[in-house]
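Visitor: Whenever a hint applies, use it, and build me the whole structure from the sequences.
2 protein chains.
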Amino acid sequence: MDLPKKVEIIEVGPRDGLQNEADFIPTEKKIQLINALNKTGIKRMEATSFVHPVYVPQMKDAKEVLEGIEQDPSIQYMALIPNEKGYERAIKNGVRALSLVVGASDSFNIKNVKMTREESINKFDTVVEKAKDNGIFLRYNIATSFWCPYEGKVDSDLVMDMVTRIDRSGVDEIVICDTIGRANPAQVYGLFSRIFDELQPQAMIAAHFHDTYGLAQANVVAALQTGVTRFDTSIGGLGGCPFAPGAAGNVATEDVVFMLHEMGIDTGIDLSSLLSCVEIVKPLTSRELTGHFHKINVNQPQM
Amino acid sequence: MDLPKKVEIIEVGPRDGLQNEADFIPTEKKIQLINALNKTGIKRMEATSFVHPVYVPQMKDAKEVLEGIEQDPSIQYMALIPNEKGYERAIKNGVRALSLVVGASDSFNIKNVKMTREESINKFDTVVEKAKDNGIFLRYNIATSFWCPYEGKVDSDLVMDMVTRIDRSGVDEIVICDTIGRANPAQVYGLFSRIFDELQPQAMIAAHFHDTYGLAQANVVAALQTGVTRFDTSIGGLGGCPFAPGAAGNVATEDVVFMLHEMGIDTGIDLSSLLSCVEIVKPLTSRELTGHFHKINVNQPQM
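Protein sequence lines, in the order shown, are assigned to chains A and B.
Take the first sequence: its letter number 168 is residue 168 in the UniProt record's numbering, and every next letter is one higher.
Take the second sequence: its letter number 129 is residue 129 in the UniProt record's numbering, and every next letter is one higher.
These are computed hints drawn from the structure, not numbers from a lab.
Keep in mind that a hint or two might mislead.
Identical copies go unnamed one by one, so any copy, or any two together, can satisfy a pair.
[Claimed, not checked] Straight-line C-alpha distance at most 35 Å; calculated DSBU-like pairs for lysine-lysine:
#: 1; residue 1: Lys153; residue 2: Lys39
#: 2; residue 1: Lys29; residue 2: Lys295
#: 3; residue 1: Lys295; residue 2: Lys60
#: 4; residue 1: Lys85; residue 2: Lys60
#: 5; residue 1: Lys85; residue 2: Lys63
#: 6; residue 1: Lys43; residue 2: Lys153
#: 7; residue 1: Lys114; residue 2: Lys295
#: 8; residue 1: Lys5; residue 2: Lys153
#: 9; residue 1: Lys39; residue 2: Lys295
#: 10; residue 1: Lys295; residue 2: Lys123
#: 11; residue 1: Lys6; residue 2: Lys114
#: 12; residue 1: Lys153; residue 2: Lys6
Guide: This is the structure:
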């Protein structure tokens with residue numbers, strides 16, 4: 001099995017994970033979580049988002065969160081932005097790494113941001129240019145890259161065209177997202193192989209899986225086999241998607257880190273510190289966490 | 001990704017799954033479950049076991065279960081036996097396919113049956129000879145082939161020696177079991193590759209995974225890539241192991257069948273019939289099922 005020696009974990013729990021919680025999570029709890037994540041060895045994190053609070057009220061304290069956390073200069077803190085206005089707010093708050101989302105499926109994108117895929121990409125061009133001019137790190141998420149909750153299976157040619165188009169614009173990173181957690185390992189292997197073999201993109205390529213059908217870890221391994229070395233994960237397996245009904249949480253950070261270490265792949269992350277963070281998120285969510293460690297019998301003999 | 005076109009599912013829920021339930025499940029419920037499984041397209045099943053009721057009281061109704069079910073002549077119903085006495089009881093009850101278990105780890109085997117691995121294998125030789133003389137199908141499970149709850153990681157050389165020894169004895173099928181659900185995909189890929197490449201066994205080779213750390217599906221895919229085409233699964237993800245504390249259920253039949261179908265691999269099984277069986281097992285267990293389908297939001301749009 002051909003595998004990389006080292007993998008980069010991008011923690012998306014504080015943003016993608018928490019944004020789905022119906023009840024507002026106190027700012028100090030978010031700060032406590034990020035400060036604990038700071039100590040795990042994680043080097044990249046989606047910390048919050050600058051989306052209008054009418055749409056995502058959970059993230060209305062973006063400014064306070066960023067001001068409250070102990071910013072470690074060796075860690076990249078990213079904020080999701082929906083548009084140019086979000087860009088300006090994020091920059092004003094000192095953020096140097098931003099994240100955009102567009103859906104590969106038009107139905108999904110329209111439900112999400114009331115624009116077609118094409119309209120979103122065109123609008124984002126201005127943001128991409130600004131970011132490049134100002135030396136801002138930009139990651140570009142392609143949501144529903146495999147399946148859409150409204151349209152079904154997504155044509156891989158469509159995603160290939162989007163990756164080509166977005167890569168040409170000069171972003172730093174493109175994230176291929178299985179937003180509803182329905183991709184299968186063969187599909188994942190197929191799409192990432194095509195991206196690397198046919199496009200050889202300039203941007204870094206990351207993978208983002210949810211665990212709705214319990215296939216996320218199998219998809220991580222399939223992606224690893226194509227050469228993907230960057231994975232979005234969410235502490236505890238927090239998450240879901242407000243516009244993707246039925247989607248379970250992101251693949252859990254601790255599950256992925258455990259698996260990678262067991263496979264002899266370095267992440268630079270300390271598993272026991274991650275498990276302390278799981279204890280912090282457990283009381284924050286009313287959803288069933290997709291992670292496995294909080295369910296494992298503590299009386300299990302030590303190995 | 002090099003994958004087989006067809007995979008055989010061996011349903012182990014009625015035996016390996018149910019035997020861990022603390023409360024006795026009424027015989028008619030077991031019969032109802034097997035009769036429902038009969039209609040899914042599954043062609044092989046562990047139906048019960050002839051173990052002394054003092055050790056596994058849940059299976060004390062083996063005879064009544066076998067007499068009560070509608071035996072479909074196209075389906076193989078297997079019974080687990082612990083020794084020669086179990087062999088005689090099973091045969092007397094008309095069983096034509098039997099299953100043996102030995103632990104690769106001595107500590108596990110001693111806890112399980114109060115004998116060393118070597119003692120178990122030697123004792124089973126008589127059973128293997130009898131089975132061959134009488135045209136009985138024999139499957140031989142190697143428990144804790146990857147990890148032992150007491151000894152930690154199991155040396156693959158040891159498992160290779162066991163497979164060699166057992167294969168020479170002339171059994172029909174050897175099952176490589178991750179009894180506590182801790183194997184990782186690289187380890188799985190490594191061991192099955194060695195078995196096929198170095199040993200080219202005469203016996204059919206099957207894989208048996210539990211989902212404790214959420215790695216079972218990734219392990220199925222890793223095994224598929226080495227050429228394994230036979231997988232033990234348990235409806236709903238029932239299971240665990242009374243002598244392997246902390247072990248979660250077997251990988252769920254419906255999860256594996258779903259994944260294989262999504263990957264374009266034929267199983268001959270109807271997923272919707274399986275989901276009806278999940279509804280039957282849900283009230284039978286007090287444990288958390290490892291399967292994912294019973295958790296998926298039913299309001300999810302149809303795809």
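Visitor: Indicate, hint by hint, whether the structure satisfies it.
Guide: Hints, verified against the model:
When the C-alpha separation of lysine 153 and lysine 39 is checked against a cutoff of 35 Å, the pair qualifies only between copies, where the shortest distance is 29 Å, while the shortest distance within a copy is 39 Å. In the homo-oligomer, the alpha carbons of lysine 29 and lysine 295 lie at most 35 Å apart both inside one protomer (23 Å) and across protomers (28 Å), since each shortest distance falls under that limit. For a Cα distance limit of 35 Å, the shortest separation of lysine 295 from lysine 60 qualifies both inside one copy, at 32 Å, and across copies, at 30 Å. Within a single copy, lysine 85 and lysine 60 get their C-alpha atoms as close as 15 Å, which meets the 35 Å cut-off; across copies the closest is 69 Å, which misses it.
Taking CA atoms no more than 35 Å apart as the test, lysine 85 paired with lysine 63 passes inside one copy only; the shortest distance there is 14 Å, against 72 Å between copies. Proximity of lysine 43 and lysine 153 under a CA criterion of 35 Å is satisfied in both settings, with 33 Å inside one chain copy and 30 Å between copies. Taking the closest pair of Cα atoms, lysine 114 and lysine 295 come within 35 Å of each other only across two copies (30 Å); inside a single copy the shortest separation is 39 Å, beyond that limit. Both within a single protomer and between protomers do lysine 5 and lysine 153 lie at most 35 Å apart by alpha-carbon distance, with minima of 32 Å and 21 Å respectively.
Taking the closest pair of Cα atoms, lysine 39 and lysine 295 come within 35 Å of each other both inside a single copy (23 Å) and across two copies (33 Å). Taking CA atoms no more than 35 Å apart as the test, lysine 295 paired with lysine 123 passes in neither setting, with 44 Å inside one copy and 38 Å between copies. In this homomeric assembly, lysine 6 and lysine 114 never come within 35 Å of each other (Cα to Cα): the closest approach is 39 Å inside a single copy and 43 Å across copies. Taking the shortest Cα distances, lysine 153 and lysine 6 sit within 35 Å of each other both inside one copy (31 Å) and across copies (23 Å).
The earlier numbered hints that this structure contradicts are 10, 11.
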